[in-house]
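Peer 1: Each chain is listed here by its residues.
Protein chains: 2
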Amino acid sequence: MRVSELGEFGLIRRLKTSINLDSSVVRGPGDDCAAVKFNRSKYLLFTCDMLVEGVDFTGKDNPYLIGRKALAVSLSDIAACAGIPRYALVSVGLPRSTRLEYVDKLHQGMRGLARRYGVNLVGGDFSRSAKLTIDVSLTGEVEKRKLALRSGSKVGDIIFVSGTFGGSIRGKHLRFTPRLKEARWLADNFKVGAMIDVSDGLMQDLSHILESSRVGAVVYAGAIPLSPEARNLNDALYSGEDFELLFTLSAAEARRLVRKGNKLFRPIGRIVLPSAGFSLVAENGCEKPVKPGGFRHF
Amino acid sequence: MRVSELGEFGLIRRLKTSINLDSSVVRGPGDDCAAVKFNRSKYLLFTCDMLVEGVDFTGKDNPYLIGRKALAVSLSDIAACAGIPRYALVSVGLPRSTRLEYVDKLHQGMRGLARRYGVNLVGGDFSRSAKLTIDVSLTGEVEKRKLALRSGSKVGDIIFVSGTFGGSIRGKHLRFTPRLKEARWLADNFKVGAMIDVSDGLMQDLSHILESSRVGAVVYAGAIPLSPEARNLNDALYSGEDFELLFTLSAAEARRLVRKGNKLFRPIGRIVLPSAGFSLVAENGCEKPVKPGGFRHF
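As you go down the protein sequences, you meet chains P and E in turn.
Going left to right, the first sequence walks through residues 2 to 299 as this note's numbering numbers them.
Going left to right, the second sequence walks through residues 2 to 299 as this note's numbering numbers them.
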């Protein structure tokens with residue numbers, strides 16, 4: 002059997018069962034970040050993301066935006082856990098013929114975003130590689146009571162998203178603003194159930210929450226905010242790289258959020274019993290089961 | 002200008018000057034690990050290393066040993082700072098056609114070493130990639146007073162190495178034991194001046210200590226312990242991937258170490274004034290300046 006048949010998530014499930022973790026690890030593989038004990042009030046968060054030319058960006062994209070994206074996707078994972086990013090390591094695989102100005106621009110894109118969010122670029126590694134490959138690993142911190150995981154949804158919770166969905170490939174994936182500020186505002190003001198950032202597609206990432214929380218969901222197609230660049234609803238449901246927040250709140254907390262009048266956050270559905278599965282209600286009222294699909298890594 | 006002309010170290014020097022670091026960062030880019038403030042008695046250490054097929058291993062090597070090496074090189078960086086490794090993130094770029102058994106073996110190799118050193122594999126990322134690419138980022142901790150950096154050498158210090166040098170490409174680079182235990186023993190029992198792990202070649206890595214500490218050195222060729230696999234002295238001086246410790250002790254501490262009778266550690270030279278430069282005394286007594294060369298990453 003080959004990795005293309007099992008897929009990324011099957012691979013992670015396969016490998017993580019055999020891993021030994023000591024009691025300092027609060028959350029190991031299988032969430033947006035790992036969380037480990039740090040001090041009396043806080044956890045440390047760890048996340049990493051590898052970007053490869055031809056998969057996550059093209060050789061024709063602006064190197065400033067490629068460097069920016071490489072850090073932004075990891076920042077988005079810290080946001081999904083309601084954390085504060087602190088230290089980044091950057092490993093870069095480069096072809097020997099790469100021009101120095103190209104590397105400078107990659108670095109500028111990363112540095113600009115690092116400065117904006119108070120991230121220290123503390124180290125890295127350069128390697129020779131046929132295709133440009135950038136792996137950013139990021140350490141953050143979060144107050145214990147604010148940590149948001151995929152596993153915190155309960156039946157009756159309302160499902161919310163930030164921003165709009167679809168068509169990210171037409172530009173947003175290189176220019177998005179990681180939702181750090183918004184996630185912290187949520188964690189400061191509400192008791193967040195589960196949270197994830199939408200990287201692989203809205204339906205696929207929601208299915209990760211459902212799996213981790215052992216619950217079902219009903220999503221209302223008409224409630225999903227489409228990006229101007231989205232071609233259609235399917236684009237918004239499945240295309241991925243929106244890097245928006247997807248989270249759940251109890252009904253009482255949901256009412257409080259809606260009353261605040263913050264138009265960035267929109268309810269799109271609710272958490273139901275696991276036996277009810279995962280379904281999508283079309284605009285004509287017709288309810289169909291969702292087969293979670295989205296970006297395939299292999 | 003292309004990266005192949007500037008080289009890895011030129012690239013790091015070029016980029017690191019423009020990086021903003023806050024006051025929590027004790028040591029940023031340019032050492033074996035970054036060190037940041039953690040609590041009253043300890044620092045956190047961060048390091049990452051990217052391994053690429055065709056550069057750091059071949060497609061014919063045993064995947065168990067490839068996975069093992071991917072973690073071992075980062076463990077060696079933690080050893081060089083006299084630290085204790087704690088948490089690892091692993092990003093893997095894989096061709097779609099990779100067999101699952103191959104991934105299982107990579108993972109087994111990594112897991113075995115992780116268990117041996119108490120490292121928690123807390124997360125990772127899979128990507129599609131034409132060539133197998135593994136980036137491990139590792140977080141460790143070290144007592145403030147035990148932190149060993151490249152910048153701690155003083156004129157008059159004695160230069161020591163652990164183990165033997167040369168011929169690593171003929172097997173050791175895939176099977177070496179990172180010198181974590183030995184480095185901790187040194188830090189527990191001695192005041193270590195500077196320390197580094199030899200990855201790029203003995204002379205090149207010594208030149209990193211000399212540059213960071215702003216000192217010179219005299220090395221005695223006849224004192225360098227050759228591996229059975231070393232073809233000749235040049236192989237031991239320049240070929241790299243020995244993953245041994247290279248460190249300096251004051252003359253008094255050096256006498257104490259030698260008196261302990263530990264045959265693993267051998268003196269190979271001494272630290273001199275920067276104006277005296279970096280020279281090698283051949284077995285015939287002839288002293289020549291060293292042009293630091295070693296593994297070229299580009």
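The set of hints was computed from the structure by calculation and includes no laboratory data.
Worth double-checking, as some hints may not be accurate.
Since the list can't tell identical chains apart, any single copy or any two copies may satisfy a pair.
Under the rule of at most 25 angstroms between Cα atoms (straight-line distance), these lysine to any residue pairs were calculated in the SDA-like manner [to be verified]:
id : residue 1 : residue 2
1  : Lys-292   : Glu-144
2  : Lys-264   : Glu-9
3  : Lys-261   : Leu-281
4  : Lys-292   : Glu-183
5  : Lys-17    : Lys-192
6  : Lys-147   : Ile-85
7  : Lys-292   : Gly-217
8  : Lys-264   : Leu-101
9  : Lys-182   : Ser-42
10 : Lys-38    : Arg-185
11 : Lys-132   : Asn-263
12 : Lys-17    : Arg-97
13 : Lys-292   : Arg-256
14 : Lys-132   : Glu-9
15 : Lys-292   : Tyr-221
16 : Lys-106   : Gly-8
17 : Lys-147   : Leu-258
18 : Lys-17    : Lys-106
19 : Lys-155   : Glu-54
Peer 1: Could you place Lys-17 and Arg-97 in one of the four classes (within, between, both, neither) given a Cα distance threshold of 25 angstroms?
Peer 2: Result: close only across copies, 20 angstroms inter versus 35 angstroms intra.
Peer 1: When no copy is named, should Lys-264 and Glu-9 be tagged within, between, both, or neither for a Cα gap of at most 25 angstroms?
Peer 2: neither (34 angstroms within a copy, 48 angstroms between copies)
Peer 1: Is it within a copy, between copies, both, or neither that the alpha carbon of Lys-132 lies no farther than 25 angstroms from that of Asn-263?
Peer 2: Close neither inside one copy (43 angstroms) nor across copies (46 angstroms); limit 25 angstroms.
Peer 1: Reference check for the pair Lys-292 and Glu-144, CA-CA at most 25 angstroms: within, between, both, or neither?
Peer 2: neither (35 angstroms within a copy, 51 angstroms between copies)
Peer 1: Check Lys-292 against Gly-217 for me: Cα-Cα at most 25 angstroms, and say if that holds within a copy, between copies, both or neither.
Peer 2: The answer is within: 13 angstroms in one copy meets 25 angstroms, while 66 angstroms across copies does not.
Peer 1: Between the shortest in-copy and the shortest cross-copy C-alpha distance, which are at most 25 angstroms for Lys-147 and Leu-258: within, between, both, or neither?
Peer 2: Answer is within; shortest intra-copy Cα gap is 17 angstroms, inter-copy 50 angstroms.
Peer 1: Given identical chains, is Lys-38 near Arg-185, meaning Cα to Cα at most 25 angstroms, within a copy, between copies, both, or neither?
Peer 2: both (20 angstroms within a copy, 24 angstroms between copies)
Peer 1: Should Lys-147 paired with Ile-85 be assigned to within, between, both, or neither, using CA atoms and 25 angstroms as the limit?
Peer 2: within (11 angstroms within a copy, 29 angstroms between copies)
Peer 1: Checking Lys-292 and Tyr-221: alpha-carbon separation at most 25 angstroms within a copy, between copies, both or neither?
Peer 2: within (15 angstroms within a copy, 69 angstroms between copies)
Peer 1: Check Lys-17 against Lys-192 for me: Cα-Cα at most 25 angstroms, and say if that holds within a copy, between copies, both or neither.
Peer 2: Result: close neither inside a copy nor across copies, 29 angstroms intra and 40 angstroms inter.
Peer 1: Within a copy, between copies, both or neither: where do Lys-182 and Ser-42 come within 25 angstroms Cα-Cα?
Peer 2: Classified as within: same-chain Cα gap 20 angstroms, cross-chain 32 angstroms, threshold 25 angstroms.
Peer 1: Please work out whether the CA atoms of Lys-132 and Glu-9 approach to 25 angstroms or closer within one copy, between two copies, in both situations, or in neither?
Peer 2: Both: 21 angstroms inside a copy, 17 angstroms across copies.
Figure legend: structure checked against the earlier numbered hints; hints not met, in rising order: 1, 2, 3, 4, 5, 8, 11, 13 and 19.
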